[in-house]
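Undergrad: The chain contents come next:
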Amino acid sequence: MTLSEMNFVLPDLMPAAAEIFLLAAVSLILVVDVFLKDSRRTTTFLMTQLALLGCFVITFMTSSAEITYTFSNMYVDDLMADFLKLLLYVTVLIVMWYSRDYMLDRAPHAKGEFYSLSLFATLGMMVMISANHFLTVYLGLELLSLSLYGMVALNRDSVQATEAAMKYFVLGALASGLLLYGMSLIYGATGTLEITAVAERLYMGAANKTVLTLGLVFLVAGLAFKLGVVPFHMWIPDVYHGAPTAITMFIGSAPKLAAFAIVMRMLVNGLIVLAADWQQMLILLSVLSMAIGNLAAIAQTNLKRMLAYSAISHMGFMLLGIVTGVVGGDARYALNAYSSAMFYVVTYVLTSAGTFGMILLLARTGFEADNLDDYKGLNKRSPWFAAIMMMLMFSMAGVPFFVGFFAKFSVLQAVVAAGYMKLAIAAVIFSLIGAYYYLRVVKIMYFDQPTDTSPIEAPLNMKVLASANGLAVAVLGIFPQALMSLCAFSLLRSL
Amino acid sequence: MSGYPLLSLAIWIPIIAGFVVLATGSDRNAPLARMLSLAGAVLGLLVTIPLWTGFDYGTAAMQFVELAPWIPRFNINYHLGADGISMLFVILNSFITVIVVLAGWQVIEQKVAQYNAAFLIMSGLMNGIFTALDGMLFYVFFEASLIPLYLIIGVWGGPNRVYAALKFFLYTLAGSLLFLVAQLYLFINSGGSFSILDWHQLPIPMGAQIWIFLAFLIAFAVKVPMWPVHTWLPDAHVEAPTGGSIVLAAIGLKLGAYGFLRFSLPITPDASHELAGLVIALSLIAVVYIGFVALVQADMKKLVAYSSIAHMGFVTLGFFMFNAMGIEGALVQMISHGFVSGAMFFSIGVMYDRVHSRQIADYGGVVNKMPKFAAFFMLFAMANAGLPATSGFVGEFMIILGAVGYNFWVAFLAASTMIVGAAYTLWMYKRVVFGNVTNHHVDEMDDINGREFLILALLAAGTLYMGLHPLPFTEVMHTSVNELLRHVAVTKLQ
Chain A
1 MTLSEMNFVL PDLMPAAAEI FLLAAVSLIL VVDVFLKDSR RTTTFLMTQL
51 ALLGCFVITF MTSSAEITYT FSNMYVDDLM ADFLKLLLYV TVLIVMWYSR
101 DYMLDRAPHA KGEFYSLSLF ATLGMMVMIS ANHFLTVYLG LELLSLSLYG
151 MVALNRDSVQ ATEAAMKYFV LGALASGLLL YGMSLIYGAT GTLEITAVAE
201 RLYMGAANKT VLTLGLVFLV AGLAFKLGVV PFHMWIPDVY HGAPTAITMF
251 IGSAPKLAAF AIVMRMLVNG LIVLAADWQQ MLILLSVLSM AIGNLAAIAQ
301 TNLKRMLAYS AISHMGFMLL GIVTGVVGGD ARYALNAYSS AMFYVVTYVL
351 TSAGTFGMIL LLARTGFEAD NLDDYKGLNK RSPWFAAIMM MLMFSMAGVP
401 FFVGFFAKFS VLQAVVAAGY MKLAIAAVIF SLIGAYYYLR VVKIMYFDQP
451 TDTSPIEAPL NMKVLASANG LAVAVLGIFP QALMSLCAFS LLRSL
Chain B
496 MSGYPLLSLA IWIPIIAGFV VLATGSDRNA PLARMLSLAG AVLGLLVTIP
546 LWTGFDYGTA AMQFVELAPW IPRFNINYHL GADGISMLFV ILNSFITVIV
596 VLAGWQVIEQ KVAQYNAAFL IMSGLMNGIF TALDGMLFYV FFEASLIPLY
646 LIIGVWGGPN RVYAALKFFL YTLAGSLLFL VAQLYLFINS GGSFSILDWH
696 QLPIPMGAQI WIFLAFLIAF AVKVPMWPVH TWLPDAHVEA PTGGSIVLAA
746 IGLKLGAYGF LRFSLPITPD ASHELAGLVI ALSLIAVVYI GFVALVQADM
796 KKLVAYSSIA HMGFVTLGFF MFNAMGIEGA LVQMISHGFV SGAMFFSIGV
846 MYDRVHSRQI ADYGGVVNKM PKFAAFFMLF AMANAGLPAT SGFVGEFMII
896 LGAVGYNFWV AFLAASTMIV GAAYTLWMYK RVVFGNVTNH HVDEMDDING
946 REFLILALLA AGTLYMGLHP LPFTEVMHTS VNELLRHVAV TKLQ
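Those protein sequences? They're chains A and B, same order as listed. For the first sequence, this note's numbering gives the first residue as 1, with consecutive numbering after it. For the second sequence, this note's numbering gives the first residue as 496, with consecutive numbering after it.
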């Protein structure tokens, strides 16, 4: 039996070229790494970087304004996917630069695993970003999650990390279950799992509303778990705190981009007809997240834990942009709202990576630099890095001239444009509460006397990277236009 | 000269100088940092001189306008301009920056570069606030100026500095966040414009005007500060280093008052008329009640801080009587207060540097040891009390005149400040300066040196010139104030 007799049509592989390349590259890296001596581990690192660069080139070259579907419409390649993937590669690349020395020092048993797991996680996120089918979303999500569970536990001798991994796994599995259940109910109501087809059927009104709404509830709950918003946030502080800082940095940055993507794919592209229903749910989640995230962060003495609660509140704020896309059946504001949310996520990822980068920069063998007290008098030890950290903190708090301000600004204007004045006022009040704990970090660095006077002994490349990251927060805060336009442009065709 | 972007220079020269100082100055070469800072501050002052000489008195339109797109996605522009209301503040601010750099010359020994850089950057940001004609640009400068002062209070302040710095930051941030929401509302309802001048023309229904007015009121009242949201100011003043107190009193407090004239009155005129009674009541409470609070203070800085609140109460009172005399008086009062309160805080700083106490009880008989200083201090105390021939008198007198035309009892209560103000200032002066030398600390005090003399003389010249010949100042603001009043008299309801 020859190929032609099977009536087999080879799918168009071009939309997934970067994914295929990355998969091949990871497989190669896995094999090569087995034969490398510990002293040659740099080779793995460089190969990883090359793989990401390769992906960047492929995605960049194949990017076009056309929307192409492939694998029987399970997979989509559009500008939003291209833009988010490019950002994803850059984020992962930066995270690896930051983490390299830290991981060599902290997880001696894990040889090349950190790199290969990171790349598999990246592949999972790419699949999530390009999914046009609920099962594709699930597939990508599981690839990401399973890699992350492993990464959290990489330092196998650490009780804390193992506990965090276990919690993450159990809660993550529960969330996956919720998500799958929600998907199955949607399948029951519409008879399809293809996202664009679901949207069409809902548009024609041919679906059982009760089943659909029930499915939607489970779907949103599952998504909320993955985004880490209240009341599905319990895993975030423990995992952020327990995981090695380099892994926390990974979890706290790139997956937020992918999470944003699947919210866009499933809720906006697929279930936009039900916007009135899911927007109500997300408003509640958003306000709760901003409230609990910001209030709980005040009580933290550990910087990683504080950043975990801060992440919860930031995701809550980002959701504000998502909930204002459709007002009373009118989608006029959709582009404005969703591109604001996207801008928020992108800048949050940048700021968050910088902040964890600072923790890694100050950490050294046997010292984690993750307690707030470790930052006492940093201005005396290193005025430059104290200034960088200050910029990151003010950006997180939303003070101009830093990019965090314009992130908050763009989401808030979407909220006001949609007419949700009360929501906007609630958001600024919670931002005020949030400003308190970011200011406290600045206070510790600038107003307190140092207890530890040792100089900062980080390698030069990390110093350069952390500086560039901090300066990017300031430069984007003065010239936010380009990134804002890119976000809007990439979403233009995908809505 | 009009070919140069003067306002941009006034904003960016100090900021760039600040970064240069940061980059070159370490703790080892403090003298270099001081010289560079002074050069930056003086240069910043020099570029504002053409604002005065090139100013067109005949028009109420914005002058020295610069307009460039900044964030086209939201129609935010880099839009600067000055009119008779804002121009004087740019010059005052640049002048005070020179004073502040000089004031910290010998006193600040820790982290000199960072200290001076913070002041220079703040100076540029404040010029930005006074000249921004784009709502968002204004807001960005308004918020960003909190950062340097937060650091100044927190790093170089007194024992309770952390609490004071945090209180200062959170109070002002709380006020300005609602201001942001109000701005967004205006942005959406004006069809996507952030231009303050467009907003001046925008019709707004009464209900919305009231809300916007209240949001503005909270933002600016915290900054002014008005009773009852004034409590951060005494803490901030007491803990701040001398330079921080000078800037805060001379310029920081003016930002809120300026906001009333640029935002509240012209954008929400109907709500302003509707709620003028509220603002006037709050202002009178500040004038009378805070005046009595100042009377009982044992700490000199606290006393002057409370006296600032009372003086600023006068300013807001002048604004909301909607007559030219009141508003011009308030503007004169703001400029005068810039000189006088700056000089008062500097004088207290001079004594503090010698005795390391701000308690009135620790002093007595200073005149015996520091006759030159006592003479200057006397002048500023008199000006603070509103003595004729000093700048303090002109503004207060104009406001009281304006108040007589508005309502007798308002004028009566406002005029009581002439007595209370004289009481608390002169009583403090008497206890600190006159009498016999009370203790060995005072006995060891040296009279002012050349640097201190220069600073006091500069401030005294301003105080006296404005007191004896206020016409040039009122001339500048006259056209703009009349235009503002004409605008406020027209309803925006449809």
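Do not rely on the hints blindly, as some may be mistaken.
[As the list claims (entries may be wrong)] Partner residues are not named here, just some residues of chain B that face chain A (Cβ under 10 Å, in silico):
| no. | residue |
| --- | --- |
| 1 | ILE566 |
| 2 | PHE636 |
| 3 | LEU665 |
| 4 | ARG981 |
I should point out that these hints are in silico values taken from the structure, not numbers from a laboratory. Keep in mind that this is a model prediction, so the values were computed, not measured. Cβ atoms here follow ideal geometry from the backbone N, Cα and C, with glycine treated the same way.
Undergrad: Hint by hint, say whether it matches the structure.
TA: Hint check:
1. ILE566: Holds. Min distance 5 Å.
2. PHE636: Holds - the Cβ of B:PHE636 comes within 10 Å of chain A, reaching about 8 Å at its closest.
3. LEU665: holds (6 Å)
4. ARG981: Check failed: Cβ of B:ARG981 comes no nearer than 31 Å to chain A, outside 10 Å.
Of the hints listed earlier, the one the structure fails to meet is number 4.
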